[in-house]
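Engineer: Here are the chains, one letter per residue:
Number of protein chains: 2
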Amino acid sequence: MAAFLAVSRTSVWKSIQALQSDGYVIEGSPRLGYRLLIIPDHLYPAEITGNLHTKRIAINREMIHHYHQVESTNTTLKNLADKDAPEGTIVVAEEQIGGRGRQGRFWLSPPGKGIWLSLLLRPPLPPQDTPVFTLLAAAAVAKSLKIILPELAVGIKWPNDLLINKRKVCGILTELKAEAEFLHYLVIGIGINVNFREKDFTPELRKIATSLYLENGRKNVSRQRLTSVLLNELDKSYTELLSDGPRSIIGQWKKDNITLGKKVVVKTVREAFEGKAVDLNEDGSLIVEGKNGIRKHFHAGEVTLVPMNGG
Amino acid sequence: MAAFLAVSRTSVWKSIQALQSDGYVIEGSPRLGYRLLIIPDHLYPAEITGNLHTKRIAINREMIHHYHQVESTNTTLKNLADKDAPEGTIVVAEEQIGGRGRQGRFWLSPPGKGIWLSLLLRPPLPPQDTPVFTLLAAAAVAKSLKIILPELAVGIKWPNDLLINKRKVCGILTELKAEAEFLHYLVIGIGINVNFREKDFTPELRKIATSLYLENGRKNVSRQRLTSVLLNELDKSYTELLSDGPRSIIGQWKKDNITLGKKVVVKTVREAFEGKAVDLNEDGSLIVEGKNGIRKHFHAGEVTLVPMNGG
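Which chain is which? The protein sequence lines are A and B, in order. Residue 298 in my numbering is what sits at position 298 of the first sequence, and the numbering runs on without skipping anything. In my numbering, each residue's number is its place in the second sequence (first place is 1) plus 1000.
Any given hint could be a false lead.
[As the list claims (entries may be wrong)] Derived pair list, reagent style DMTMM-like, types lysine to aspartate or glutamate, alpha-carbon separation capped at 25 Å:
id	chain 1	residue 1	chain 2	residue 2
1	A	Lys157	B	Asp1200
2	B	Lys1267	A	Glu204
3	B	Lys1207	B	Glu1240
[Unchecked claim] To give a feel for the contact side, a few chain B residues facing chain A, derived at Cβ under 8 Å:
id	residue
4	Ala1018
5	Leu1019
6	Asp1022
7	Pro1127
8	Glu1179
9	Glu1181
10	His1299
11	Thr1304
No wet-lab data here; the hints were simulated from the structure. Just so you know, these numbers come straight off a predicted model, no measurement behind them. The C-beta atom is built at its ideal place from N, Cα and C for all residues, glycine as well.
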């Protein structure tokens, strides 16, 4: 191997050792050389980039920042963004110890059990266009799951929760820095519960959350493969959005949503409004028709799907 | 004086020295004590708070951070906001050495010549509501100038430039940190050219900018008084906005605007659109009617007022 690569034996041995400490299982025998037995299911850049055909996102290894443990991938990526990291930079971590969902809620992110990934975008748009990016991310995750696990029924609850059998399998947290009329950057954080067993959830969380493993007949899902597919889908949708505007994103979101046509309660800081979710506006707002027939547009809010027993 | 305040002579002397080094001119005579001759026109908290009757903004001295020199009051205040400074916190500086306008443009901010002020708000609203705050700030500055200098004709160019005789006298830079649906904070930076002489501008800048001094028959304007009046107006408008929504802000903005009814070119990242500015939407967007009668809503853009010679 040393002769083939034109490097010293010591140099090969050092590289092998580094790989082994990263979880690769490599057998060495004195005459025959080395044999790779196990590639660890870690989200190392080298294991992801090979399957990417992206134009903007993670277009080289240096744009993928992998960590074994972070407080939060969004926080790490915002720090990189403040230091002028380029659009398309990714942070992935095996574990988040301070993972966050919307409005500062805790997001359980144990090591190796999920995809904890943040994406940096710098679209030349005003901050008013941000909600469309959240829809884009939700639609891209839904599509990726369909590609990998076509038999699962994944649905999007407005704006960006992904549910399987009424339980949450993915959450998205978009954060931004902007001027009033000009985005500096968007950081889109995506958390997918991939290989959680029941015991990996708290009992309260298990009532409302699930994982791909649990829904997939208790079979592990490759985080590496899902990450590559997801990055490809995100890249495709983002490119479409920049060239054609939000129409195709809105269409894709609608196709996979489980909110429209349903009776809902939307809780905002001002009210709790009950009605039927009738449509998604082009700016990403949810149009809800109240009992009196009045239609309201919601830019923000917490949606609860109301069971429509008998109606 | 030492007997009256029940402190030592040395303590009085030290305080007097501190005031003198802050620019207060104080005469001391061995028998009679001290006499205050000149209060410097610096924006010290003590010189501002006395005239405030605010409910949310700068409600105590600790909420006013005064600096002789900063890079940019917005940058300083964003750092304070990241460390959980409360809503209503203010940063004022005598001089900015890296003052910024929209999209990173330089903003000339020489010592003592202007009001360089940033205000921290934490409204419980989605980031989509940000543009209204920029309009609010522009309308509050316009109203404050009318109170102090009623004879000047101040007009607002959409969204937030204040002009006198077609030259810019004030600019506003609103920056924000947010989730897609939830504002963490807004920092509204206000720069007013108060006592600039001609020579304080560069020749290029003088063509498009002016100062209150130059427009006010070459009489100095008290920065302290203008700052107090401005903070009172900002507080009143913000309180109204929180209780009644954007309607009154929009009305106030319209009253002082010089954009509606005019022929304009709006430059965005995508296009340069020519038409007549026909109205301001409730979300702060400018409605422009093109030659073909089609109306476009602009959330962002650079407006040029087109002279309507003969038309």
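Engineer: Each hint needs a verdict: does it hold in this structure or not?
Structural biologist: Here is how each hint holds up against the structure:
no.: 1; hint: A/Lys157 to B/Asp1200; verdict: violated, 57 Å
no.: 2; hint: B/Lys1267 to A/Glu204; verdict: violated, 52 Å
no.: 3; hint: B/Lys1207 to B/Glu1240; verdict: violated, 37 Å
no.: 4; hint: Ala1018; verdict: violated, 37 Å
no.: 5; hint: Leu1019; verdict: violated, 39 Å
no.: 6; hint: Asp1022; verdict: violated, 34 Å
no.: 7; hint: Pro1127; verdict: holds, 5 Å
no.: 8; hint: Glu1179; verdict: holds, 5 Å
no.: 9; hint: Glu1181; verdict: holds, 4 Å
no.: 10; hint: His1299; verdict: holds, 5 Å
no.: 11; hint: Thr1304; verdict: violated, 16 Å
Hints 1, 2, 3, 4, 5, 6, 11 from the earlier list are contradicted by this structure; the remaining hints agree with it.
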